[in-house]
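Protein chains in written order, with the numbering used here: chain A, 1 to 433; chain B, 1001 to 1172; chain C, 2001 to 2166.
Hints listed in this document are in silico derivations from the structure and should not be mistaken for laboratory results.
Every value quoted in this text rests on a predicted model; they were computed, and no experiment measured them.
Please note that a few of the clues may not be correct.
Said to hold, decoys possible - Here are the computed lysine-lysine pairs in the DSBU-like style, where the Cα-Cα straight-line distance is at most 35 Å:
id	chain 1	residue 1	chain 2	residue 2
1	C	Lys-2062	A	Lys-63
2	A	Lys-353	C	Lys-2062
3	C	Lys-2141	C	Lys-2084
Claimed, not checked - Okay, the calculated beta carbon distance ranges per label pair:
id	chain 1	residue 1	chain 2	residue 2	range
4	C	Asp-2142	B	Gly-1063	48 to 58 Å
5	A	Gly-308	C	Asp-2126	14 to 24 Å
6	C	Asp-2061	A	Glu-212	36 to 46 Å
7	A	Leu-337	C	Asp-2063	21 to 31 Å
Backbone N, C-alpha and C define an ideal beta-carbon position, used for all residues, glycine too.
Single-letter residue listing:
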Amino acid sequence: MTGHEMGAARDELRDVPQKIRDRVTGEVRRETMIINMGPQHPSTHGVLRLLLELDGETVIRCKPIVGYLHTGIEKNTEYRTWVQGVAYVTRADYLSPFFNELAYCLSVERLLGIEAPPRAQILRVMLCELNRIASHLVWLATGSLELGAVSMMLYGFREREVILDIFEAVTGLRMNHSYIRPGGVIMDLPPDGPRMIAKLLDTMPARIDDYERILNDNPIWLERNVGVGKLSAEDALAFGVTGPILRSAGIPIDLRKDEPYSGYETYDFDVPVRTEADAYSRYVIRIEEMRESLRIVEQALERLAEPGPVMVEDPKVGWPAKLSVGPDGIGNDEAYLRHIMEESMEALIHHFKMVTQGVRVPEGEVYTAVESPRGELGMYVVSANEYRPYRVKIRDPSFVNLQAVPTMVEGGLIADAIAVIASLDPVMGGVDR
Amino acid sequence: MPVERYEGHLTGRTPEEVEEEVRKGVMLTTMDRAVSWARKQSMWPATFGLACCAIEMMSAGAGRYDLSRWGMELFRASPRQADLMIVAGRVSQKMAPVLRRVYDQMVEPKWVVSMGVCASAGGMFTNYAIVQGVDTIVPVDIYVPGCPPKPEMLMFGILKLHEKIRTTGTIR
Amino acid sequence: MKAAEIAGRIRDHFPDVYVARDEVTVLVDRAELIDALIRLRDQPDLSFGFLSSVTATDHPDKDPRFWVVYELRSVEHAHRLRVKVGLPGGDPHMPSVTPLFPTADWHERETWDLFGVVFDDHPDLDRILLPDDWEGHPLRKDEELGGVGTQYHGAFIPPVDERTMP
């Protein structure tokens, strides 16, 4: 039933006064209302603007308008070196910075024809999976806050703080790390890193059980999420939607399994898939994904017991410094500093050239896709045999997923529009770049 | 009984000017301090989280770095009910008129904290798409650098703002 | 299927195909784009029915100036293909693929917005990332980066595209 028909049926039940009936036909005059939601809105997950045409509470038409966070990241990378590009690209989808860096660095490494050392790949996998958990926690916290479950906001951020502590100990920063660089990663784990991660692995499963206990059978949560925002599999594939939304419609595409990268084929994990294609099934999938990510982190932690290099040895490519996180931030190794400042002039010149000019990447183009918490995150990188990229295009999953919003929102109530967008989990930094 | 001294607008004046001020303003001084104290005690921020800094602002409001200690955990969505606008994140050219409009809709007294280097000066994005510092659009009281600033840095900035409000004479 | 095998299977219909770094790229003329995409989608052993991304690159001193790049993926076989269409700088028009792939809607709007490539028969070709009254197409190579110079304590640092360090 359309909004109009539902309204007409409703009016027949009530005694509608004569003055708002049409003089000729006797029908009740109805008008639709066009309202604007956003870009400054507490529940639109960032600066998303929705133009809604409403009939009462029913959404008849919906048009998402994006671009309020356009940063020009892609143009900026064309004027910076390849390694500086990591710092730009990591701020695109700011809730999953490691995935942006990983996709970019995998593309650059393919253009260079090198591969990161095994220990670097294990570190990349482990940090990416921790990032996936952190991103899903933010989704859980903000999504629940928008639907009214306010205490989940505090629980989600409480867990996320533990993961951000691990990030800070390993990379020196809580967000936007620039840790994964072409050739490997820039630092090895700190001495107490494995202990912190092991502690997280001990405490996290019980916390996820807590979340399920709060939300899974909660009648309000079920009312607001079950049957809301249905997107069939054909529509999802036509719109290019990937990630948990596609997996909630029954299509088991996960790039970690279908097109493995960075050694994912050697890890033992499952990909949760549901068939109901509504907001509740996406919630269940994300909770399950958090558990699967913990499994991967555990396996990665075991493999990190053996030492090894974390940056590729080739002097023309690898980042020259020996960095580690100290009490006042990231710093260089004392012995290395002495070597370049006092002992060897060539080493100093080489260090200087690598840091300011960087690596020269052969000509070509590459598209690499990774499975970010939101779907397929791809980087199309073009090089013209220079010290800086020629073109970096970020195929962001949220940008493509938002195209499905009108299909999911039209015909439902306006309150469901909030639940739909929360279940999509868009990050506007990735949408607008 | 010890007298509390603080540096106010009378520092560096001649004794005659001080006499004049004292005669004029004993009642108003106490009112002034009371009003400033009330204003800084529980400022309600307006939700203006844009990008990465917004996540750190949410972390500042969450359990570990609790903004509720200063009565500020209540982020008001409506600008009419808010008195502090924390511009958290990069402001694009398309968002700039919206920012100004929300600022205009806020009711006096209002303050602006520019959080992060992107809001303060354009950050690493010196390009066509980002406003190079929101102080080109709205008057800013406190700049908090960082990319993104840790929640503790944001809290330090907010406490500096409290200091600034406390020492502002609003009646005189 | 591996890249070399895919290239071998499509070489009869698409003579301009090459394999580099384990990826297949097909160069297609803009008039034959729709037919090419239909053929690539319907052939059962290829079945490239999922469009990942549409973008463009700008080579101002070459001909063709714009290369519009389509990244295709197959859901059944999990392999990828790239289709490139060259456009002259003076006439950057090409057909829109939204009838085939509804996902191309926003991708083509973004390419129009940032590069100025016009997609004929697009349902709603408007600016998407930049304000509606913006002039110019920023990602073209002849547009400047923008931004202001920084002055501090007597030192002046120009914006990024005017600096002299490589």
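Straight-line Cα separation of Lys-2062 (chain C) and Lys-63 (chain A) no greater than 35 Å?
-> violated, 39 Å
Assessment of proposed distance window 36 to 46 Å (beta carbons of Asp-2061 (chain C), Glu-212 (chain A)) | violated, 59 Å
Would you say the C-beta atoms of Leu-337 (chain A) and Asp-2063 (chain C) sit inside 21 to 31 Å of each other?
-> violated, 51 Å
Hint consistency between Lys-2141 (chain C) and Lys-2084 (chain C) [alpha-carbon to alpha-carbon, up to 35 Å] = holds, 19 Å
Whether the CB-CB distance between Gly-308 (chain A) and Asp-2126 (chain C) falls inside 14 to 24 Å = violated, 52 Å
Distance restraint hint 48 to 58 Å, applied to the beta-carbon atoms of Asp-2142 (chain C) and Gly-1063 (chain B) | holds, 51 Å
Starting from Lys-353 (chain A), check that the Cα of Lys-2062 (chain C) is at most 35 Å away, please.
-> OK: Lys-353 (chain A) and Lys-2062 (chain C) at ~31 Å, within 35 Å.
In summary, the numbered hints that this structure violates are 1, 5, 6, 7.
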